[in-house]
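Asks: Sequence:
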Amino acid sequence: MKATDKKIDTRHGRIRVSDTEGAGLPLLFLHGAGTCRKVFERQCRPHLLERTRIIALDLPGHGDSDDAEDPEIAYSLTGMIDTIDEVLVSLGVRQLAIFGWGLGGHLAIEMLGRSRLVEGLLLSGTPPVSRGLIGALRGFHPSVDLLFATKQHWSEREFKRFEQLCLGHSATPDIRNAIARADGQLRSIFSQSIIRGDGHDQRRTVLHAEVPVFLVNGADDPFIRRGYVAGFEDHARNRFVELIEGAGHAAFREKPEPFNGLLDRFIDKVLENRSDKTPRVAASRQAG
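Numbering (UniProt numbering), first residue to last: 1 to 288.
It is worth saying that the hints were derived from the structure and are not from the lab. We treat Cβ as the ideally placed atom computed from N, Cα and C, and that holds for glycine. It is possible that some hints are incorrect.
Using 20 angstroms as the maximum straight-line C-alpha spacing, the simulated EDC-like pairs for lysine to aspartate or glutamate come out as follows [unchecked claim]:
#: 1; residue 1: Lys-38; residue 2: Glu-257
#: 2; residue 1: Lys-7; residue 2: Asp-82
#: 3; residue 1: Lys-255; residue 2: Asp-174
Label pairs and their in silico Cβ distance ranges [unchecked claim]:
#: 4; residue 1: Gln-95; residue 2: Glu-50; range: 16 to 26 angstroms
#: 5; residue 1: Val-93; residue 2: Ser-188; range: 23 to 33 angstroms
#: 6; residue 1: Pro-46; residue 2: Arg-94; range: 24 to 34 angstroms
#: 7; residue 1: Glu-272; residue 2: Glu-41; range: 21 to 31 angstroms
#: 8; residue 1: Arg-161; residue 2: Arg-226; range: 18 to 28 angstroms
#: 9; residue 1: Gly-24; residue 2: Arg-157; range: 42 to 52 angstroms
#: 10; residue 1: Leu-207; residue 2: Arg-94; range: 17 to 27 angstroms
#: 11; residue 1: Arg-274; residue 2: His-153; range: 20 to 30 angstroms
#: 12; residue 1: His-141; residue 2: Ser-188; range: 11 to 21 angstroms
#: 13; residue 1: Arg-225; residue 2: Gly-22; range: 31 to 41 angstroms
Work out the full structure: start from the sequences and follow the hints.
Replies: Take a look at the structure:
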């Protein structure tokens with residue numbers, strides 16, 4: 001990916017951003033817990049770059065971004081969204097589409113709940129759950145693996161288990177280094193923030209979305225309940241649920257070809273939805 005790398009100062013520290021710039025549809029990539037912006041390298045193909053301006057950042061406490069000086073605030077759902085908002089303002093980005101994976105998907109849903117400027121969501125490995133522990137358990141499989149994914153400190157065995165569950169055989173040295181580097185405080189603080197119900201009700205936000213929402217998951221994802229996610233499908237409301245066979249939690253890395261085809265479809269839907277709204281906006285202005 002030909003991109004400009006920069007560091008942007010925010011109230012919660014400096015954030016590393018890769019930005020392809022240009023006039024295409026801004027498409028923000030938000031990575032999962034413990035990884036970094038480089039996890040999306042298999043999505044940055046010429047065809048996508050022709051139509052979009054890809055913005056990929058390292059979340060606070062990840063990759064080349066700073067660890068938080070005040071973790072309890074910066075690593076909460078609200079703190080993370082505030083940081084992303086500051087980055088987008090600095091880049092001059094207003095309307096955008098978002099591809100969020102895992103933790104990044106939960107951030108993407110909250111951004112949609114907060115703003116009418118989000119034009120579409122593609123979620124992977126992210127069941128949109130209701131507030132509270134019961135709501136979370138409806139979307140996720142309760143397991144020891146899910147619990148240690150929220151721990152601040154890992155043993156070597158847990159590190160390897162996390163890598164295998166999240167990335168299958170798709171991890172590269174860069175991604176392994178990112179997992180080892182990540183600030184473990186974020187895992188525990190962010191998970192507590194979701195369970196106590198900070199922010200918008202994510203299930204309700206997705207069900208009432210007026211923009212395209214794609215939920216694309218690996219058929220073998222060990223964390224999410226497939227039946228729960230399937231209930232969001234409603235083509236009349238531009239909600240699409242897709243399964244990628246032979247893939248786990250990181251379907252976009254494990255099976256990039258079918259995933260990228262769905263990413264293209266998502267961009268088509270976002271641009272189509274934008275075109276459908278333009279005549280109505282123009283007519284409203286003329287009437288005024």
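Asks: None of the hints should be skipped; say for each whether it holds.
Replies: Quick rundown of the hints versus the structure:
| no. | hint | result |
| --- | --- | --- |
| 1 | Lys-38 / Glu-257 | 18 angstroms, holds |
| 2 | Lys-7 / Asp-82 | 16 angstroms, holds |
| 3 | Lys-255 / Asp-174 | 19 angstroms, holds |
| 4 | Gln-95 / Glu-50: 16 to 26 angstroms | 19 angstroms, holds |
| 5 | Val-93 / Ser-188: 23 to 33 angstroms | 31 angstroms, holds |
| 6 | Pro-46 / Arg-94: 24 to 34 angstroms | 26 angstroms, holds |
| 7 | Glu-272 / Glu-41: 21 to 31 angstroms | 27 angstroms, holds |
| 8 | Arg-161 / Arg-226: 18 to 28 angstroms | 22 angstroms, holds |
| 9 | Gly-24 / Arg-157: 42 to 52 angstroms | 44 angstroms, holds |
| 10 | Leu-207 / Arg-94: 17 to 27 angstroms | 25 angstroms, holds |
| 11 | Arg-274 / His-153: 20 to 30 angstroms | 45 angstroms, violated |
| 12 | His-141 / Ser-188: 11 to 21 angstroms | 20 angstroms, holds |
| 13 | Arg-225 / Gly-22: 31 to 41 angstroms | 39 angstroms, holds |
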